[in-house]
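Chemist: Residue numbers (our numbering): 1 to 112.
Just to be clear, a hint being listed does not mean it is correct.
Keeping only pairs whose Cα atoms sit at most 27 Å apart, straight-line, the calculated DSS-like set for lysine-lysine is [unchecked claim]:
1. K53 to K92
2. K98 to K54
3. K98 to K13
4. K100 to K86
5. K98 to K82
6. K60 to K100
7. K108 to K95
8. K36 to K82
9. K108 to K87
10. K86 to K60
11. K86 to K108
12. K86 to K98
13. K86 to K53
14. K36 to K108
15. K95 to K54
16. K60 to K95
17. K92 to K108
18. K15 to K82
19. K86 to K15
20. K60 to K13
21. K54 to K86
It should be emphasised that the hints constitute simulated quantities derived from the structure, not laboratory data.
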Amino acid sequence: MAQGNNIQILNRKAKFEFEFVEEYVAGIQLFGAEVKSIRAGRANLADAFCYFKKGELYVKNFHISDYKYNTIQELHPMRERKLLLKKRELRKLNKSVKEKGLTIVPYKVFIN
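All chains should be built: construct the whole structure from the sequences, respecting the hints.
Modeler: What follows is the structure, given as structure tokens:
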């Protein structure tokens with residue numbers, strides 16, 4: 001795999017609207033066509049936010065455009081996607097969000 005081929009999607013608005021207290025790197029559950037769209041730079045984090053559902057962390061309003069050569073399945077561009085973190089990190093974040101009223105905002109998506 002060639003180096004220097006990193007793809008990054010940024011939410012530049014988040015740096016101005018929020019103060020970052022901590023940063024985490026999380027995985028995300030995606031389908032193949034969504035990965036190809038992100039590699040093509042066809043994703044937008046502008047209105048994305050994270051929330052907890054049944055102890056799991058999800059991102060909502062993360063827009064990934066349809067991959068034009070996808071013939072396998074129809075994917076909704078704004079569907080909620082599960083974020084993958086360690087249980088310890090999930091518990092800490094869930095506690096912080098409930099007690100302190102903090103918000104979890106996705107800032108950067110990268111594929112390398």
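Chemist: Does each hint fit the structure? Answer for all of them.
Modeler: Against the structure, the hints come out as follows:
1. K53 to K92: Holds, because 15 Å separates the two Cα atoms, which is no more than 27 Å.
2. K98 to K54: holds, 14 Å
3. K98 to K13: holds, 24 Å
4. K100 to K86: Given pair K100, K86 holds - Cα atoms ~21 Å apart, limit 27 Å.
5. K98 to K82: holds, 19 Å
6. K60 to K100: holds, 21 Å
7. K108 to K95: It holds: about 23 Å lies between the C-alpha atoms, which stays within 27 Å.
8. K36 to K82: Holds - the C-alpha atoms of K82 and K36 are around 18 Å apart, at most 27 Å.
9. K108 to K87: holds, 21 Å
10. K86 to K60: holds, 20 Å
11. K86 to K108: Holds - the C-alpha atoms of K108 and K86 are around 19 Å apart, at most 27 Å.
12. K86 to K98: OK: K86 and K98 at ~18 Å, within 27 Å.
13. K86 to K53: With a Cα-Cα distance of about 16 Å, the restraint between K86 and K53 holds, given a limit of 27 Å.
14. K36 to K108: OK: K36 and K108 at ~17 Å, within 27 Å.
15. K95 to K54: The hint holds at about 14 Å.
16. K60 to K95: holds, 20 Å
17. K92 to K108: holds, 21 Å
18. K15 to K82: Given that 27 Å is the threshold and the Cα spacing comes to 23 Å, the pair holds.
19. K86 to K15: holds, 25 Å
20. K60 to K13: holds, 16 Å
21. K54 to K86: holds, 15 Å
Figure legend: structure checked against the earlier numbered hints; every hint is met.
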